[in-house]
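Trainee: Spelled out from the first residue to the last, the chains are:
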Amino acid sequence: MGSPARPRVQVIGPSRIPTGFRSAAPTLCVRMMRQMRVVEKRQLLSADEIGRTLQRLAHEIVEKSGGTKDLALIGVRRRGVPLSERLAKTIRTSSGVDIPVGTIDITLYRDDLSTVGPQPVVHSNEINFPVDDRDLVIVDDVLYTGRTIRAAMNGLFDLGRPKRIRLCVLIDRGHREMPIEASFVGSHVQTSDTEIVEVHLKEVDGDERVVLVDRVP
Amino acid sequence: MLQRLEHLLGIEDLTREQISFILDQAKPFQEFQRHPLKKLATLRGKTVALAFFESSTRTRISFATAAARLGADTMNLQAESSSLKKGESLLDTVRTLEAMRPDGIVIRHSSSGAPEFIAQRLGIPIVNAGDGTHEHPTQALLDALTIRDRKGKLEGWNLTIVGDILHSRVARSNIHLLSKFGVRITLCGPAMWVPRELESLASNLRRVPRIEEALDGADAIIALRVQTERLHEPALAAEEYILRYQLTPRRLKLARPDALVLHPGPMIRGLEIDDAVADGPQSCVLEQVTNGLAIRMALLYHLVGGAPVENTAADKVPDKVQ
Numbered sequence: 608m609g610s611p612a613r614p615r616v617q618v619i620g621p622s623r624i625p626t627g628f629r630s631a632a633p634t635l636c637v638r639m640m641r642q643m644r645v646v647e648k649r650q651l652l653s654a655d656e657i658g659r660t661l662q663r664l665a666h667e668i669v670e671k672s673g674g675t676k677d678l679a680l681i682g683v684r685r686r687g688v689p690l691s692e693r694l695a696k697t698i699r700t701s702s703g704v705d706i707p708v709g710t711i712d713i714t715l716y717r718d719d720l721s722t723v724g725p726q727p728v729v730h731s732n733e734i735n736f737p738v739d740d741r742d743l744v745i746v747d748d749v750l751y752t753g754r755t756i757r758a759a760m761n762g763l764f765d766l767g768r769p770k771r772i773r774l775c776v777l778i779d780r781g782h783r784e785m786p787i788e789a790s791f792v793g794s795h796v797q798t799s800d801t802e803i804v805e806v807h808l809k810e811v812d813g814d815e816r817v818v819l820v821d822r823v824p
Numbered sequence: 003m004l005q006r007l008e009h010l011l012g013i014e015d016l017t018r019e020q021i022s023f024i025l026d027q028a029k030p031f032q033e034f035q036r037h038p039l040k041k042l043a044t045l046r047g048k049t050v051a052l053a054f055f056e057s058s059t060r061t062r063i064s065f066a067t068a069a070a071r072l073g074a075d076t077m078n079l080q081a082e083s084s085s086l087k088k089g090e091s092l093l094d095t096v097r098t099l100e101a102m103r104p105d106g107i108v109i110r111h112s113s114s115g116a117p118e119f120i121a122q123r124l125g126i127p128i129v130n131a132g133d134g135t136h137e138h139p140t141q142a143l144l145d146a147l148t149i150r151d152r153k154g155k156l157e158g159w160n161l162t163i164v165g166d167i168l169h170s171r172v173a174r175s176n177i178h179l180l181s182k183f184g185v186r187i188t189l190c191g192p193a194m195w196v197p198r199e200l201e202s203l204a205s206n207l208r209r210v211p212r213i214e215e216a217l218d219g220a221d222a223i224i225a226l227r228v229q230t231e232r233l234h235e236p237a238l239a240a241e242e243y244i245l246r247y248q249l250t251p252r253r254l255k256l257a258r259p260d261a262l263v264l265h266p267g268p269m270i271r272g273l274e275i276d277d278a279v280a281d282g283p284q285s286c287v288l289e290q291v292t293n294g295l296a297i298r299m300a301l302l303y304h305l306v307g308g309a310p311v312e313n314t315a316a317d318k319v320p321d322k323v324q
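Residue numbers (the working numbering), protein chains in the order written: chain A, 608 to 824; chain B, 3 to 324.
The shape of chain B in the complex, shown without the other chains (with noise of 0.2 Å):
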């Protein structure tokens, strides 16, 4: 059973069923990374908008190169030389790469809920790249994948998120996309930064202060950055961190022996993850990479392919299509 999608907006409000049916759709397109020409004209005559208000390396580089590889055209917007800068207002600036008649538009922006103010207001297909500390629907789509292939399922883990909880829209995403699936999920960071209202995310989700009981039995470890700006004396010192929080080799051994260890970049070595960790063998934050451009291309594909919906009445399409 297809089920079709307008927008990506959040893993919130999709079933298990959606997210399943985006998963599967992406082995395709992970074998695709293999081969030797990398070039689909699938999306042929199709163009992305990328609409970055906030700044991204990563996640703009993987959305342009799943739009190429499937044959799609670029438009670029980035936050440095954004119009934004100049005291436009959002709305007058998608408006505007909307009059340029793009086929879907993906937006990152610093403010959670951008992207479904656009989706409501535009009408193409929007794809959230991340939307202040809301969701990060792509993120949590590859992590999942990732988590699915080394371990062969997603059903009945246990996921530790070791870190900034209050302010990451990747774990946020990550809660909502796992939590459907059955996993059980631990916060684990400093008490600022796991508060108690985030217990209201899933029923399977628990608070625990000190990491070397968070990792305990676990299957899955995900560390997620520390912004450094955010570490500042009294509250909280830098070495106060690494002291307490870093993800070791050590502290590795605690989790079951076979824990996948995910970091959704850029990773500071030496600060929320000890060099050992992150390019050891439970390390997946290579495969995270890989899976993210598979997850986004079968995105693109499903969101961005395809006639307009008000093309596809009966009476309009062409007696010639087969």
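The shape of chain A in the complex, shown without the other chains (with noise of 0.2 Å):
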């Protein structure tokens, strides 16, 4: 009782990491994060964009989903979450139906954890709806190499046989690593690799903006 950390007990530091950064082993993006300079370049969305974006996209998913009645969103933890919330409520006021929403958490399914070091932190699963024959529509912020959605799939597949699977994402940033793509894309951004597409949800982060940050070595 009481007695000091042994000497075996590693301490891993802070875990806020920079979307589209996901895919990537927390502990090697410390450490990257510490070895390099971030330098933001250009916001590409405001509070307000953001705001209509959503919009546009809970508009859409209605529109091509040809009724509601087995429609359901699934957020990927973390800023997948508040995004399909908003995009439920905003159903709500204009089509007045209850979209369920669920949470998926991808750790378990990630394809590099046998290459990093600490395992990353798991978390619950909240999808409290049976997903066989649903009409799912999987919500994240930023679509990258596609990994995140591979792994997301795969745990909804653990879950039973959905009906059909799209993708609604804010932001598309290219470089695809595996064949996906999404059915509704809030902004297409042209990026180089070294850059970063940093996604603040006020839920999560206090404040409300897309901005494109740069590594400098």
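Certain hints may be false.
As the list claims (entries may be wrong) - Calculated cross-link-like contacts (lysine-lysine; reagent style BS3-like; alpha-carbon spacing at most 25 Å): (1) A:696 - A:676; (2) A:671 - A:648; (3) B:40 - A:770; (4) B:29 - B:153; (5) A:770 - A:696; (6) B:41 - A:770.
Just so you know, these hints were derived from the structure itself, not from any lab.
Join the two chains into one complex using the hints; note that each chain is given alone, in its own frame.
Mentor: Next comes the structure, spelled out in structure tokens:
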């Protein structure tokens, strides 16, 4: 009791990882973040523009789904979660229907776990409805390599057999490493692979904007 | 904040934060047990050696299932068929296991300290699945998870442990764990099984010989299994143990109305616990089993998963991780 931590215990640092880095190992990110300077290049979306974009995406989802009967949204932790909740709220206001919303954590389905040292923290899925025969829309902030979405789909298959899975993202920044495309895209952005798209949402980050930052060695 | 453990050898040396971290990490795996498809590929390609030098059914099955559900393969070594019977030393046996390149070893041994002995000599994660009368850390973790789930928190409760405390590694691990969270612990049992020396295990600990007094005000009760081979006349006959220490519905009424009843299993109905208590609404025995799976999955994920430490140096990380 009250004994000091043993030397074999390693303490791992901050967990705020820029969006688009999620598929990389957190420890690697932290290490890289320490080694490089990050310079903000430009703002991609303001708070107002994020709001308007989500309005449009919500309408597109309803319009292209041929009814909302089986529709459900799945937010990918973390920033896909507030986005999916906002989309559901917009749909409720405009069409008067309550779309079920769930949360998925992709950690256990990542394809890079065997290459990282300390394992990332796992969170619970919160999907309180059967996914069988559902018309699912995965919601995330940034579509980059496609690996996160591959992992999210694997997680969903473990829960049942959805009728259809589509993808809705706020930003598509290119550089795909998997044959994955989004059905609903807020904004396409040309990026180089040294750049990072940072999505700040008030529920998670306190402020609200999307910025393009660059890593400077 | 994430704290990485290399091994799980016991509860005594863990901090409260490390324990809370493991309990928190079991939550997603509790949810996972309700999935229709209970198979992950998270530890695919990893091998967990289950070295049970002392016979075990439930703990071994629990670890094997936890490993299987994470996608890991298991190598089984059991006491009955073990080369230990042929005179091989513990170290030679585990070195042979290690030569087959498992990514972690889960060990149960009748000698206290055997897991630590191995951990000091092998370079892979070791999980203690019970060593002698020393510790059974995963049992204490699953008990704590069960109490925390049912009661909302761990801090501040009154826990009564009834039975053969002296020989119980389950009791020892539970005392270490719960006392770190400010749980007041009452030990109850025949005097020869509850010696005064146990008081040095924790500060908030008392010994009460009469079960009626020990149960008064208890928020949770752990009934320990009574090893029948230790019950013999003239010291203590089974009939006398039943008469004086069996957890019966009438005695349970002396505890708080919402008191939980835990048992590490295997239960001997009619000896340490009455049927009506074992199957009653206050009993958590089946939740304990399910929670054991979640705790062991969380531990294997964090201990066995990932790259070996020496491979994670910055210069060895492949360019294309992200």
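Trainee: Now look at each hint and say whether the structure bears it out.
Mentor: Okay, the hints, checked on the actual structure:
1. A:696 - A:676: Measuring from Cα to Cα gives roughly 16 Å; hence the hint holds.
2. A:671 - A:648: violated (35 Å)
3. B:40 - A:770: Measuring from Cα to Cα gives roughly 21 Å; hence the hint holds.
4. B:29 - B:153: holds (15 Å)
5. A:770 - A:696: holds (23 Å)
6. B:41 - A:770: holds (21 Å)
Hint check: a violation occurs at hint 2 only; the rest are consistent with the structure.
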